[in-house]
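Asks: Just so you know, the protein sequences line up as chains A and B, in that order. Residue 7 is where the first sequence starts when you use the numbering used here, and the numbers rise one by one after that. Residue 99 is where the second sequence starts when you use the numbering used here, and the numbers rise one by one after that.
Keep in mind that the hints are not guaranteed to be accurate.
What the hints assert, rightly or not - With a Cα cut of at most 20 Å, we get these calculated SDA-like pairs of lysine to any residue:
| hint | chain 1 | residue 1 | chain 2 | residue 2 |
| --- | --- | --- | --- | --- |
| 1 | A | Lys106 | B | Ile290 |
| 2 | A | Lys106 | B | Pro167 |
| 3 | B | Lys178 | B | Thr200 |
| 4 | B | Lys178 | B | Lys390 |
| 5 | A | Lys106 | B | Ala143 |
| 6 | B | Lys126 | A | Arg69 |
| 7 | A | Lys162 | B | Arg120 |
| 8 | B | Lys219 | B | Pro310 |
| 9 | B | Lys126 | A | Ala170 |
| 10 | B | Lys306 | B | Leu321 |
| 11 | B | Lys306 | B | Leu212 |
| 12 | A | Lys106 | B | Phe160 |
| 13 | A | Lys162 | B | Ala122 |
| 14 | B | Lys126 | A | Lys106 |
| 15 | A | Lys106 | B | Lys178 |
| 16 | B | Lys390 | A | Phe73 |
| 17 | A | Lys106 | B | Tyr140 |
| 18 | A | Lys106 | B | Lys390 |
Simulated from the structure, these hints should not be mistaken for laboratory data.
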Amino acid sequence: MVLSLRSPLTNAYTRLLNYRTVFGEGQYWSGVIRMAYFGAVQVSVMIGLAILVALFLDGPYCRGRRFFALIYFMPFAVPGVIAAIMWGFLLTPDLDSALKVPHYLGLANGPITPLDYRLSLYAIMLIVTWEFTGHNMTLLLTSLTNVPHQVLEAGKVDGCSEFAIATRIKLPLIRRTVIFTIILSIIGSLQLFTEPVILNDIATIGNSFTPNQIIYNTAFSFGNEQLAAAQSVVLAAITILATVVFYGLVQRKMDPFAAGRGVIK
Amino acid sequence: MSAVTFVRTRSKAPAYLGSGSRVARRMKTTVGTAALIVAAVYVIAPIYWLIVASSKDIGQLFSTATFLPPAHLSWISNLKSLFTYESGDFRWWLLNSVIYATCTAALATSVSTLAGYGRAKYHFGARRTVFGLVVGSLMVPATALVVPLFLLEHDVHLTNTYEGVILPLMVYPFGVYFMSIFAADAVPDTLIDSCRIDGASELHAFWKVGRPILMPGRVTLFLLSFIGTWNNYFLPLVLLGSETRFPLSVGLSAWSSDLMLAGAGQPLYPEVILGSLISVLPMLILFPFLQKYVARGLTLGAIAGE
Chain A
7 MVLSLRSPLT NAYTRLLNYR TVFGEGQYWS GVIRMAYFGA VQVSVMIGLA
57 ILVALFLDGP YCRGRRFFAL IYFMPFAVPG VIAAIMWGFL LTPDLDSALK
107 VPHYLGLANG PITPLDYRLS LYAIMLIVTW EFTGHNMTLL LTSLTNVPHQ
157 VLEAGKVDGC SEFAIATRIK LPLIRRTVIF TIILSIIGSL QLFTEPVILN
207 DIATIGNSFT PNQIIYNTAF SFGNEQLAAA QSVVLAAITI LATVVFYGLV
257 QRKMDPFAAG RGVIK
Chain B
99 MSAVTFVRTR SKAPAYLGSG SRVARRMKTT VGTAALIVAA VYVIAPIYWL
149 IVASSKDIGQ LFSTATFLPP AHLSWISNLK SLFTYESGDF RWWLLNSVIY
199 ATCTAALATS VSTLAGYGRA KYHFGARRTV FGLVVGSLMV PATALVVPLF
249 LLEHDVHLTN TYEGVILPLM VYPFGVYFMS IFAADAVPDT LIDSCRIDGA
299 SELHAFWKVG RPILMPGRVT LFLLSFIGTW NNYFLPLVLL GSETRFPLSV
349 GLSAWSSDLM LAGAGQPLYP EVILGSLISV LPMLILFPFL QKYVARGLTL
399 GAIAGE
């Protein structure tokens, strides 16, 4: 923190000069905006999928619940570096003949290249979704098994369809867990580092893709630790702000009478 | 809600749930299971590919069908070159990963247990403040801490050492939070009181009574911290400079960054692929047995507030 106030050249205190530099840096902010977009798309897809799978696994139409729960949770044990290497190779047409199939069938002009600069953001979304959907699903599933049987039976007696039980009873009851997983995912996506770094090694997608990459480069490639410290502080502030704003929004929306209830308690 | 007893597994969905005729039910089950299988293929495909690809030499990697095993397997020669390339750095990485993960997990578990138990069982003045600080530090992104950490360690010459990696990871805010909730629930105050009446010292009460009760929580924490350290990339990348100190994650990423360099000799594709397989295999094999403990740790944080 203190370091971020010092000058890169003389290490003397310069008040907020480094912060002024951070706020004027186009690259840094385009990284932040890219991650905001990334977070909005990827987190909704991932949490949506996780909710869907968890509700289905908890429902009556599911066979082999334990088996599937275990399989989906497995990527949690795979390091981000390894996940990125695996997917990086799998998304390279030279190594993965499946990407050439549309070309052979005459559907495309050449092999599909998901690691193009244009598509790489979506390739990273694919990888991150692979890594963390099962983790979130596990959290939701545990939460679902805690929904008391009596409540579900009551819904059944009242003539709810299975779909209504899932969406009207189970989902509201686990909403805290849903919020928790979303917040964790927002924090995670703003901090994205490993995947783009590895993919950049495999396919050159750029070394200033995310704010974290930029911070790393500022500190260790350019040796400007003071500016990097300022960038870190700003990123931490953005993360906390995003979390607080999101939390505030859902609290208000989901619990319009929260304030009143607090008084009654 | 009780924090410890929440892992109630409902192995089968009760029969009274589910609506519609028998045929409709069977249809729904079939369609749903098919969707689950598709999702499972998405999850397993890369891991399956890693196993298949690790048996190919560099020519086969670029010429044979991606998801089919090659005509002749090259595991042995790949293994040889993996362990001997650049005077066997890979052996160091494997050993280092084990050292980092084991030491960190053991220390983090002890520290978290002591801190969590203390927070849960002693009513000192700053109790709430401490808890607030712990929860607050869970919110701070790890990146924001790494650059300052590097500079601090640089000043005291801890960069590029084993302690330099282990010490910062030993302080594990989630562990303290977890243990604090776990201990508050699992260890009854009356039990400790009866120890005191019997003349046991506070430490003795903790060691003989508190610690054994907290054992399941400690196993969970050890595993979470072990996996977290084994998978960590950013922290060791920043703190370590010499290749013989690298853990697997940093080492393999260093090799993969050489893949694109022109004129770096034979590209290391088979070595990177086999090295990746080796670094995930132990965990994947143990995972079915450990899943219960790991999931418990993760979910306690998520639903303790409900």
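Asks: Run the distance test for lysine 126 of chain B versus lysine 106 of chain A: straight-line Cα separation, threshold 20 Å.
Replies: violated (35 Å)
Asks: Need the status of pair lysine 106 of chain A, lysine 178 of chain B: alpha-carbon distance at most 20 Å?
Replies: violated (32 Å)
Asks: Given the hinted pair lysine 162 of chain A and alanine 122 of chain B, is their alpha-carbon gap at most 20 Å?
Replies: holds (18 Å)
Asks: Run the distance test for lysine 178 of chain B versus threonine 200 of chain B: straight-line Cα separation, threshold 20 Å.
Replies: Since the Cα atoms of lysine 178 of chain B and threonine 200 of chain B sit roughly 27 Å apart, the hinted pair is violated (cutoff 20 Å).
Asks: Decide if the proposed pair is consistent with the structure: lysine 162 of chain A and arginine 120 of chain B, CA atoms, cutoff 20 Å inclusive.
Replies: holds (17 Å)
Asks: Below or equal to 20 Å on CA atoms is what counts here, so check lysine 219 of chain B against proline 310 of chain B.
Replies: holds (15 Å)
Asks: Against the 20 Å threshold, does the CA-CA distance of lysine 106 of chain A and proline 167 of chain B hold or violate the hint?
Replies: With Cα atoms ~19 Å apart, lysine 106 of chain A and proline 167 of chain B stay inside 20 Å; holds.
Asks: Are the Cα positions of lysine 390 of chain B and phenylalanine 73 of chain A separated by 20 Å at most?
Replies: holds (13 Å)
Asks: Does lysine 126 of chain B pair with arginine 69 of chain A here, judged by a C-alpha cut-off of 20 Å?
Replies: holds (11 Å)
Asks: For a C-alpha distance cap of 20 Å, please report whether lysine 126 of chain B and alanine 170 of chain A respect it.
Replies: Satisfied, since the Cα-Cα distance of roughly 15 Å is no more than 20 Å.
Asks: What's the verdict on lysine 106 of chain A and tyrosine 140 of chain B, does the C-alpha distance respect the 20 Å limit or exceed it?
Replies: Roughly 19 Å separates the two Cα atoms, so the pair holds.
Asks: Given the proposed pairing of lysine 178 of chain B with lysine 390 of chain B, does the C-alpha separation stay at or below 20 Å?
Replies: violated (36 Å)
In summary, the numbered hints that this structure violates are 1, 3, 4, 10, 14, 15 and 18.
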